[in-house]
Amino acid sequence: MSRIADFIGVSARENVEKAIATARENEQFNALLSLSEERAFDRAAKVDAGEITGRLAGVPFIAKDNFLTLGDTTTAASKFLESFKAPLQATAIEKLEAEGAICIGKANLDAFAHGGSTENSAYGPTKNAIDQERVAGGSSGGSAVSVALNIVPFALGTDTGGSIRQPASFNGVVGIKPTYGTVSRYGVVAMASSTDTIGVLAATAEDAEIVLDILSGRDSKDMTTLPDFFEPKGLSEPRRIGVIKEFMTEDVDPEVRARTSEYIETMKAKGHTIEEVSLPMLKYALAIYYIVVPAEISSNLGRYDGIRYGARAEAETLGEVYGLSRDHGFVPENKRRIMIGSYVLSSGFFDAYYLKAQKARTLLINEFNKVFESFDVLVGPVAPTPAFKLGENTEDPVKMYLADIMTVPASLAGLPAVSVPAGKTEAGLPVGVQLIGPRRSDATLLALARQGEV
Amino acid sequence: MTDISTEDVHHLAQLSSLQLDDAETEALRVDLENILGYIEQLSELDTEGVEPTYQVTDLQNVWREDTVDDYGISRDSLLELAPDSVAHQIKVPKVL
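Going down the list, the protein sequences come from chains X and S. Quick note on numbering: my numbering labels position 311 of the first sequence as 311, and the sequence is numbered without any gaps. Quick note on numbering: my numbering labels position 50 of the second sequence as 50, and the sequence is numbered without any gaps.
No lab work stands behind these hints: they were computed from the structure. Positions of the beta carbon are idealized from the N, C-alpha and C atoms, including for glycine. Be aware that a few hints might be false.
Claimed, not checked - In silico BS3-like pairs for lysine-lysine, Cα to Cα no more than 30 Å straight-line:
id	chain 1	residue 1	chain 2	residue 2
1	X	85	S	94
2	X	221	X	85
3	X	18	X	46
4	X	370	X	270
5	S	91	X	79
6	S	94	X	79
7	X	85	S	91
8	X	399	X	424
Unchecked claim - Facing chain S, from chain X, some residues (calculated, C-beta under 8 Å):
id	residue
9	180
10	223
11	224
12	298
13	307
14	323
15	340
16	346
17	355
18	357
19	358
Said to hold, decoys possible - Restraint ranges, calculated between C-beta atoms of paired labels, are given here:
id	chain 1	residue 1	chain 2	residue 2	range
20	S	86	X	251	58 to 64 Å
21	X	251	S	49	28 to 34 Å
22	X	299	S	37	22 to 28 Å
23	X	37	S	3	49 to 55 Å
24	X	251	S	96	51 to 57 Å
Work out the full structure, taking the sequences as your base and the hints as a guide.
Given below as structure tokens:
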């Protein structure tokens, strides 16, 4: 199944017109921060004239607003970059444009991608595509909602600890966070460099596969990219699938567990072997994540000082320019994470927090490696609940962080993971199931996801 | 449970180049205490003799040719991004 196919071989201009019209009809969801109409129509005309060709010729898409693009602003949903116009484009955007795809606009996110609900955007939250009183998930909430509302057949997102998978799950679309290093991070606003990944949100697994095939590969502008290993393929033989015990406890919403179990039953019916597996280190993954990631954030966000680009606060001295520009430009969650990072890296605490977490990370990776000796794929829910109500978790950061508890393990280990729609709750809210594989098993995960869709 | 004082928050804000107002300072003090309270559970884990993981690519020493690449970006286009500039230099308030 491919929704992308519907956009190929028809008028690119009409594709863009339709996407922009649908975006306008759905403004109340606040999924988009900007539309780049002029550039989009200009490129559509070139596609229709045969000047631009490729595998995605004339297919419209949306990029999360932390990808640098020409045409309009790149804000990262922050006040800091409110009027920032990028002088270059992200490699991911360049690769899609080279295949004829057309970026029609930029999607809302938690400011600097810090969050799991898109409520941390400086431009207001994105509403869930199914229930406007609920969150879109995050941080790629705008991207997920744009696909769920059929504005575009696919959107780009970033996933540092679940930011593609969780909103995909909350809105009933497919989301892949590839193996760390699969897609170049060049031209994407950095959050935590050791777990930041670029991925795809799409209507179907086949569409995610088509786009990832274009995005993957070495980039001389990002020295952590891996030589291209991604090759779409079918499933030649049954797989050994492990059901993660720690993700199916009573702490998890009963309907989420029920949908997950039903999905596992359909996999069994297709001939795969299913067995429960325990990974005791998973209980520490969230604590590791909220040490390592804030540490990297505090370093990466040091560049926002109001000097070279972005908003500069009026002040008498240079020190005040830094302090006030940063105070005005960041939302509270950005400040929390920067200060936690400063704390765990500061002298006297470095060994007890940061070094300890990086050692614990090794133990988590070792445990995954051991389990992958007996299993090809691990399965469990994406998140402990379906989409929660707007405002439900905003007063308590730790409660908000707990929504990431099932997605951060794959991020810390650099593993690929896919969020696949697995039905709805009685109230009609989508539930996603997560497939996690060993490094470079991205194609196998998408093949399994495709099989589950039929 | 880690106690975080107002002075601790001031110190961290200084390390982070954040000029906070009083209301923000108190809200962050409470949040930091709660977050640190959660991540402290790692202390129960035995990590004696374990090597830390800093990156997950397995790549080491990725070399490139020592040639200049401007990535297609001009000095002028970068200077245009600065809030204030003069004579091809970024202009800032006095340092001292």
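Here is how each hint holds up against the structure:
no. : hint                     : result
1   : X:85 x S:94              : 27 Å, holds
2   : X:221 x X:85             : 20 Å, holds
3   : X:18 x X:46              : 18 Å, holds
4   : X:370 x X:270            : 26 Å, holds
5   : S:91 x X:79              : 21 Å, holds
6   : S:94 x X:79              : 25 Å, holds
7   : X:85 x S:91              : 20 Å, holds
8   : X:399 x X:424            : 23 Å, holds
9   : 180                      : 5 Å, holds
10  : 223                      : 5 Å, holds
11  : 224                      : 5 Å, holds
12  : 298                      : 7 Å, holds
13  : 307                      : 6 Å, holds
14  : 323                      : 3 Å, holds
15  : 340                      : 6 Å, holds
16  : 346                      : 6 Å, holds
17  : 355                      : 6 Å, holds
18  : 357                      : 6 Å, holds
19  : 358                      : 3 Å, holds
20  : S:86 x X:251: 58 to 64 Å : 59 Å, holds
21  : X:251 x S:49: 28 to 34 Å : 32 Å, holds
22  : X:299 x S:37: 22 to 28 Å : 24 Å, holds
23  : X:37 x S:3: 49 to 55 Å   : 54 Å, holds
24  : X:251 x S:96: 51 to 57 Å : 56 Å, holds
In the structure shown, no violation is registered for any of the earlier numbered hints.
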